[in-house]
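Protein sequences, first through last, are from chains S and W. Using the working numbering, you'd call the opening residue of the first sequence number 109 and step up by one each time. Using the working numbering, you'd call the opening residue of the second sequence number 109 and step up by one each time.
Treat the hints as calculated values from the structure; they're not laboratory data. A portion of the hints provided could be inaccurate.
Pairs involving identical chains hold if they fit within one copy or between any two copies, as the list cannot separate such chains.
[As the list claims (entries may be wrong)] Simulated pairs of lysine to aspartate or glutamate, EDC-like, Cα-Cα distance not exceeding 16 Å:
id: 1; residue 1: 317; residue 2: 253
id: 2; residue 1: 135; residue 2: 380
id: 3; residue 1: 115; residue 2: 168
id: 4; residue 1: 310; residue 2: 169
id: 5; residue 1: 127; residue 2: 190
id: 6; residue 1: 317; residue 2: 428
id: 7; residue 1: 115; residue 2: 169
id: 8; residue 1: 194; residue 2: 380
id: 9; residue 1: 135; residue 2: 228
id: 10; residue 1: 194; residue 2: 211
2 protein chains.
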Amino acid sequence: MELLMNKQALANALQLVSKAVAVRTPKQVLMGILLEVHPDELVATAYNLELAIQTRVPADEETGLQVRQTGAIVLPARYFGEIVRKLPDTQIHMRVDANYMTEISAESVEFHLHGIDAEEFPELPNFIGYESMHIPAHTLGRLIESTVFAAATSEVRPALTGVSITSDATQLTFVATDGLRLAQHRVAHPDLPERHVVIPAKSLSELSKILPEDDSPVEMVLTPSHGLFVLGSTRFYTRLLEGSYPDTSRLIPRSARTQVVLPGDAFLQAIDRAALIARDKDNHMVRLEVEGDTLTVTSHSPEVGNVSETLHALRKEGEDLQIAFNGRYVIEAVRALDAAEIAIRFNGANQAFVIERSGDPSMLQLISPILWRS
Amino acid sequence: MELLMNKQALANALQLVSKAVAVRTPKQVLMGILLEVHPDELVATAYNLELAIQTRVPADEETGLQVRQTGAIVLPARYFGEIVRKLPDTQIHMRVDANYMTEISAESVEFHLHGIDAEEFPELPNFIGYESMHIPAHTLGRLIESTVFAAATSEVRPALTGVSITSDATQLTFVATDGLRLAQHRVAHPDLPERHVVIPAKSLSELSKILPEDDSPVEMVLTPSHGLFVLGSTRFYTRLLEGSYPDTSRLIPRSARTQVVLPGDAFLQAIDRAALIARDKDNHMVRLEVEGDTLTVTSHSPEVGNVSETLHALRKEGEDLQIAFNGRYVIEAVRALDAAEIAIRFNGANQAFVIERSGDPSMLQLISPILWRS
């Protein structure tokens, strides 16, 4: 294997795939980046068995890629990435010689790096024969952001560490829950194949980092065991989670005994201030009292002190109430909704409550209260 | 104690002093910020017994400070700082009531925070009757930056964890050494009082963060036990280190068997690349070979690979040589010099070598070689 290419093109490709490099494992090859050189492109791949990122660099004027000899090698990601970053910003020459020793040189700098036989690199999952669907990158990004934080971090119920994705003829739904709160986001989308999968939340977080902010189409392919997302010349593979995901639809209350509409920012800031006093408590307990159209947010810590703040609802329907909740959950929920106006639907102090964008039921956050004696 | 003031003015004062708050200590009062309210100013102080920062906020239009009742209180820094940061950006009202409970309110937000009796706050060191000297902030900043990194981090020889500062009728000299490398920076300064003190490197690092980038004068006062730096309305106090500092002047070789002058950036990058391969070794060993006016920088790791790079000296005098050193030390030394051209003076493979700005002996970096068989 031998090639010439611009330093920046190689550095960009390595940075892109580096998120899928295994951090600590006895299998050294998983801590490496696979480079495959074809007559007209370089393919860089990292695969930690949970997720894989693969990107293709074409031989053209912009990348400066010139292939002298095809071939493949696995190089230790930690060193390879830093070596390329620290090289002069000019043309790089790479050549693999006997015993997988790889020369990486530019100007008067010459590195030799021990590589690993490309045959040892694991095979990527196969998606041949599976139907694909297309979704704009920006929409996919919002679906992930607005749900992924609500997935469980504990491994007690493994399926809950993922985000449940359901598609059918009319819509695409993302749901995540850790058992105490739930985030759901649904977009209308005609003609999707029917699928129900659970993708590890960690994988989706990494995917969201490399999604472009625009509406370029992302191709999504789901098999019974794996998911594939194709973004231009980059392919993102993830393992799916096994085990059944709970039917969350019946957790969501349809009616409300109290409904308030609030400015999203003012409510977020009030909860953020109250959670500050409550942060040393395990459950970040914040209390909310709705009386007429006045909301009073309070929290109290015997060691630190207390805080109280009043807000006025833009609209209020139904009965007054007092409720307590984990302030951090509410902060994350309201941030995810990212709305000028939010609507909160309560069903008494001991029932889960729903936070939505006012007038927009496509996104929904459900939070369990903390039980307390008034 | 009761006052009104602008949120931003209070937040700025708290941020400034917060670096001197104790992080973990059984003495709660040291984790607090002392507020003293006088008829025409607010004084905020933090003091962890090693260093203290005190700043004065005048009652004027810009700060919005209006004193309703003088007094003093100590508030827990961790909560107080965040509370103020999270308040609406408007006028803040503070009032201390019975039992040191402190109300901090703005608009419809009202915090109550448990305070501590100001009588419990330790007294700051006294500088009355000591002569002061004045030095431009930018000069003091450069003196610190170019030496402080070379101080020892191990407490085996406590004096070496500080920077030695010597002043006399003609000059001011900063020296730091950890026993393997030494940094010295000297500026001409007429009419300074004669002093020799050792200031903890940690204190100087904190001081350099709050020094303005300009040439405003900093007043410096040294007693046998403490140092004081006055920057406008802010006072920075530090404990001095006890124990004698070694006489480092005779460590510095006056002559050279080999001298090379190099472009600073190119040399820095070459050592940085070589240190990358050597980084997993305890001593970051980089080898340098000078042959004619050609320098070859190499490093080698049995597990990772190797690197080699050639540079050309702008000027070279004296004999050829091969030498090995800790690449990280050389990187820090060359960065501290921050010079377009550097001069290196060697006295054979087994003697410490000197790196200076070419043509400027005011700053000097001395580094011990690593002994190896060629």
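Legend entry - Structure versus earlier hints - violations, ascending order: 2, 4 and 6
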